[in-house]
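Work the whole structure out from these sequences, hints included.
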Amino acid sequence: MSNAPAIVAAQEPIRRTPVPVLELLRGHRRVAASFVLVAILFLVAVLSPVMSPHDPLAVSPDSSYLPPLTPGHVLGTDELGRDLLSRILWGARVSLPVAFVAVAVGLFGGGLIGLVSGYAGGITDLLLMRLVDALLAFPGLILAIAVVAALGPGLRNAMIAIGIVAVPVYARLVRAVVLQLKQMEFVVATRSLGATPLRLILRHLIPNLLNPIIVQVSLSAGFAILAEATLSFLGLGAQLPTPDWGQMINSGASFLNNDPWLAIVPGAAISITVYSFNLLGDSLRDALDPRLRS
Amino acid sequence: MTAYVLRRLLLMLPVAFLVTVGVFLLIHLSPGDPALIILGEDRSPQAIAQVHQELGLDKPLYVQYVIWLGHIVHGDWGRSITTHQPVAIAITERLPATFELGLTALLWSLLVAIPLGTIAAVRRGSVADQVATGITVAGVSIPNFFIGIVLIFLLSVSLRLFPFGGYVPFLQDPLDSLRHVALPAIALGTAGAAINMRFTRSSMIEVLNHDYIRTARAKGASWRRVVFVHALKNALIPVVTIVGLQIGGIIEGAVVTETVFTWPGVGRLAVESIFNRDYTVVQGIVLLAAFSYMIANLLVDLAYAWLDPRISYA
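Protein sequences appear in the order of chains A and B.
If you want my numbering, it's the position in the first sequence, counting the first as 1, plus 58.
If you want my numbering, it's the position in the second sequence, counting the first as 1, plus 22.
Note that these hints are calculated values from the structure, not bench results.
Remember, predicted model here, so these are calculated numbers, not experimental data.
Every residue gets a Cβ at the ideal spot worked out from N, C-alpha and C, and that includes glycine.
Honestly, I wouldn't trust all of these hints.
Below, a sample of chain A positions facing chain B; criterion: calculated Cβ distance under 7 Å [unchecked claim]:
#1 97
#2 102
#3 103
#4 177
#5 195
#6 254
#7 255
#8 292
#9 312
#10 314
#11 336
#12 337
See the structure below:
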């Protein structure tokens with residue numbers, strides 16, 4: 059697990075003016091394709107109670123280890139006879155919200171630090187950035203594991219841990235953009251006209267931060283889903299009997315000899331989800347960065 | 023250069039201080055009393071008070087931190103709560119296995135990344151480039167533990183080409199060691215390969231646009247010679263940065279891969295210690311991981327400044 063794509067995004071200059079969504083989707087095929095993939099994933103997460111053919115927690119020992127394509131169980135059943143398709147569909151309801159809460163924690167915490175640091179400058183900037191450097195000194199997964207080890211295993215703590223890992227990435231990104239914006243004429247003019255710092259931040263800085271933040275959110279969501287799956291795989295995230303993809307791979311790995319699909323199906327679900335978000339982040343960056351477009 | 027090195031070292035000090043505070047607080051503010059874990063069934067108030075006194079837990083937090091830091095600096099990383107083995111020894115015993123796995127994974131990632139990244143850059147926009155770019159995004163999207171499980175299923179369980187699990191030190195039997203390390207190294211190195219390929223490609227594209235490449239071509243050098251002799255050397259400079267960080271992050275990657283392959287390294291020790299609530303060991307591993315990452319960052323910066331004279335020392 060690496061947060062390298064996030065760091066790459068943070069270093070590159072990005073077009074400032076917000077781009078209309080429709081224009082983006084029409085003009086960039088990769089953005090449109092990845093946007094559709096992510097939209098489908100959201101639909102699956104929202105509609106899983108309706109789409110699931112069975113209760114994901116319903117145990118049925120008589121129908122355990124049914125292979126994929128068995129009538130009534132398209133993806134087969136697990137060791138307790140639970141329908142794998144239903145568990146995969148419900149898994150999206152676990153993974154996506156966890157990822158978005160974690161990204162929100164990172165965005166809010168890191169964004170606030172970055173805004174204050176970049177706007178205030180001086181000693182405030184120096185102190186806050188040392189704090190951010192200290193967070194960046196920890197490899198992402200190690201920091202997440204350490205936080206979960208301290209707070210105890212579970213989905214809520216996993217969300218907090220992954221959010222904390224994302225804080226320095228957003229702090230650096232927002233600070234860098236605010237530092238650039240501060241030098242721009244429209245900001246200098248607004249300030250000289252007597253705008254209060256709060257008005258300047260809310261009306262002028264935050265709207266101009268949206269593009270780089272949108273790219274970063276897509277990349278961070280992919281990272282967060284991967285991190286949540288990893289923590290759950292290790293037994294530090296979602297706990298039984300929650301239908302979580304990482305946790306499903308963990309239990310499925312014990313049956314690789316005869317029933318490999320128990321691990322392979324949830325693994326494919328994670329990979330497709332993370333791929334979709336990474337593709338969206340990647341293509342959005344290409345579309346929104348004038349240097350890359352040229 | 024000396025001034026630059028000194029400045030970088032000075033900048034590292036406050037960060038190192040904050041890292042130690044973070045690691046200390048993370049474990050000391052966590053819920054649960056270590057004395058209860060140590061004592062097991064015998065939980066009389068007297069016994070708990072005695073353990074608190076022995077561990078210094080009855081002192082104010084800042085005093086505990088200063089004492090702890092003093093011990094860390096002197097190489098005393100405490101004792102495992104469950105095995106009573108010194109933490110430094112428990113970690114050192116497991117480090118060779120982790121390094122062997124990490125370095126093999128890095129070697130695998132470079133063997134894949136440099137040729138593919140170069141081909142993608144030289145044939146920019148071609149099908150090969152698009153495939154390589156697709157592989158790059160896929161490589162960072164597939165969890166390494168899932169790659170590990172698929173490899174075990176295909177190459178170990180089904181085809182029986184590689185053994186599953188077990189560690190043979192390289193110096194003991196190099197060939198058998200390679201057979202054992204191959205699958206975990208591929209699982210661990212695939213994400214790194216994708217990232218390195220991306221860096222090689224973009225760096226190579228930039229280098230190939232330089233004037234000296236055009237000059238070399240104009241002077242009659244073959245395209246192969248231009249790419250492999252003139253361009254690749256300079257294109258690999260930015261790759262050094264990311265490879266350095268990957269070396270610093272070996273422990274991070276090892277956590278999951280070692281668990282999947284029951285590899286007896288530091289990563290697996292970390293996971294076992296979390297479940298045993300062996301906080302002194304967890305603390306030691308987190309501290310080691312953070313400092314190796316910080317030192318790798320520093321060395322990468324210095325190597326970069328040394329390799330590329332355009333980088334300012336200011």
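A quick look at each hint next to the structure:
Interface hint at residue 97 (chain A): violated, since its Cβ lies 18 Å from the closest Cβ of chain B, which is beyond the 7 Å cut-off. Look at residue 102 (chain A): its Cβ only gets to about 17 Å from chain B, farther than 7 Å, so that hint breaks. At its closest, the beta carbon of residue 103 (chain A) sits 18 Å from a beta carbon of chain B; the interface hint therefore is violated under the 7 Å criterion. Using the Cβ-Cβ criterion of 7 Å, the hint placing residue 177 (chain A) at the interface with chain B is not satisfied: the shortest such distance is roughly 22 Å.
The closest approach between the C-beta of residue 195 (chain A) and any C-beta of chain B is roughly 5 Å, which is under the 7 Å cut-off, so the hint is satisfied. Annotation: interface hint on residue 254 (chain A) violated; nearest CB of chain B at approximately 33 Å, more than 7 Å. Hint status for residue 255 (chain A) relative to chain B: violated, with the closest Cβ pair at about 27 Å, above 7 Å. The interface hint given for residue 292 (chain A) is met, as the beta carbon of that residue sits about 6 Å from the closest beta carbon of chain B, less than 7 Å.
A distance limit of 7 Å between C-beta atoms decides the matter here; for residue 312 (chain A) the minimum to chain B is near 11 Å, and the interface restraint is violated. With 7 Å as the threshold, the beta carbon of residue 314 (chain A) comes within range of chain B, its nearest partner Cβ sitting at about 5 Å, so the hint holds. A least Cβ separation of about 5 Å between residue 336 (chain A) and chain B falls short of the 7 Å threshold, and the interface hint therefore holds. Interface restraint check for residue 337 (chain A): the shortest CB-CB distance to chain B comes to about 6 Å, inside 7 Å, so the restraint holds.
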